[in-house]
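K.L.:
Put together the whole structure using the sequences plus the hints.
Chain order of the listed sequences is A and B. Using the working numbering, the first residue of the first sequence is number 423, and each one after it goes up by one. Using the working numbering, the first residue of the second sequence is number 227, and each one after it goes up by one.
I should point out that these hints are in silico values taken from the structure, not numbers from a laboratory. Quick caveat: nothing in here was measured; it's all calculated off a predicted structure. Ideal Cβ positions, reconstructed from N, Cα and C, are used throughout, including at glycine. Errors might be hidden in some of the hints.
[Said to hold, decoys possible] If you only want the chain A side, here are some residues facing chain B, beta carbon under 7 Å, derived: (1) Ile452; (2) Arg589; (3) Ser594; (4) Ser614; (5) Asp617; (6) Pro674.
[Said to hold, decoys possible] Stretches of chain B that chain A covers, calculated by requiring three or more beta carbons in the stretch to come under 8 Å of a beta carbon on chain A: (7) 232-240; (8) 253-266; (9) 270-276.
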Amino acid sequence: MIQLKEVSFAYKRNTPVLDKLNLKMTPGHIYGLLGKNGEGKTTLLHVLCGLLFPQQGDCRVMGYVPKERAVGFLQQIYLLPEEVSLPDVTIVEYGRMYAPFFPDFRKDIWDTCIESFEIETDRRMSKMSLGQRKKAAITLALAAHTPLLLMDEPTNGLDIPSKAVFRRLVASSMNDEQTVIISTHQVRDLESLIDSVLIMERRRILLNSSLDEVSKRLFFRPVTADDNVFYTEQTPMGTMGVGENVLNEETPVSLELLFQAVTQQPKEINRIFTR
Amino acid sequence: MNYTNNQSIFLQIADRICDRILSGEYKADERIPSVRELAVEMEVNPNTVMRSFERLQANEIIYNKRGLGYFVSPSAGEEIRKMRYTQFVEEILPTVFKEMQLLGVSVEDLSKAYERYINK
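P.N.:
Rendered as structure tokens:
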């Protein structure tokens, strides 16, 4: 589906944002792309869809080289940017304008999104609030139903009920042939929705794993002094720790703890995940 | 749906399905909602629900009919009670005992409290 080999990208000479980055992804998953601000999440999404051209390395997405921007490739990919810009028309006209570009467009998903998000169909989108515009943009992103869907901070600007609607819509619209990558730092919004995680730090991917695999290899739970852990955090419920799961415990993966553990103890993580 | 912090989401979903079987919402040999339907209802990834189904199937609480979906086993209720009994004895009791020891609660205190509870 996606294969990046030693991909490097720099906006300014000698200050790479992506540095010999390697990445392999398979279809049928919802990936959460996590990283601190300014670590290159958006840059990576833009490289994947051909908006930015890497200076080095090999980038293949669904068999295409994104920077060639072949029509067949562009029909199969959709990028929902963090800040959406929409034409000054109603959502109905918006659908009429953009649906023809996407051969897999699904009218049923389009209608469900408009209904679930309660988008006013007779109102010009320029008169809408930020949150409503975001919902309109998400509607097209999901209805386009492309094999690869990239979403950059999709829950930013959404109110609390809309975040739940968003999770339901993604869960209902995606199928086994689709890959969804959602970049976020609002991990709690998406914890239950994603099934795989990519953690970016220092211009590379530090972890690319299914949550299933994460829970097999690591435990996340309150710990005592006797537990062998490599990352701990003080919380109101006591000390929470992350350690190697040698006893086959079934503890819930905490994305926040995982993120901290991966970024602070990359060597330990690497050792446990390559065993 | 809200998820607590001390159990994997897939186990919590499996628990909800078990609750629905015990309450009679899902009946023996009836089809339960599909992976996708439950994923939408619970706002979770379909792959997570699939894991819950696999676990329930391994415990003979549901069974799969190819192409038709998942169905409640006739012995599901019994299997769930067996599973929860084991869970109670192996996981919950030790934490109760630990707390009793810490606070100096005797077995007599416990049995009196239990008497009061069942006679209420």
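K.L.:
Work down the list of hints and note, for each, if the structure agrees.
P.N.:
These are the hints, each one checked on the structure:
no.: 1; hint: Ile452; in the structure: holds, 6 Å
no.: 2; hint: Arg589; in the structure: holds, 4 Å
no.: 3; hint: Ser594; in the structure: holds, 4 Å
no.: 4; hint: Ser614; in the structure: holds, 4 Å
no.: 5; hint: Asp617; in the structure: holds, 4 Å
no.: 6; hint: Pro674; in the structure: holds, 5 Å
no.: 7; hint: 232-240; in the structure: holds (count 5)
no.: 8; hint: 253-266; in the structure: holds (count 3)
no.: 9; hint: 270-276; in the structure: holds (count 5)
Checked against the numbered hints above, the structure breaks none of them.
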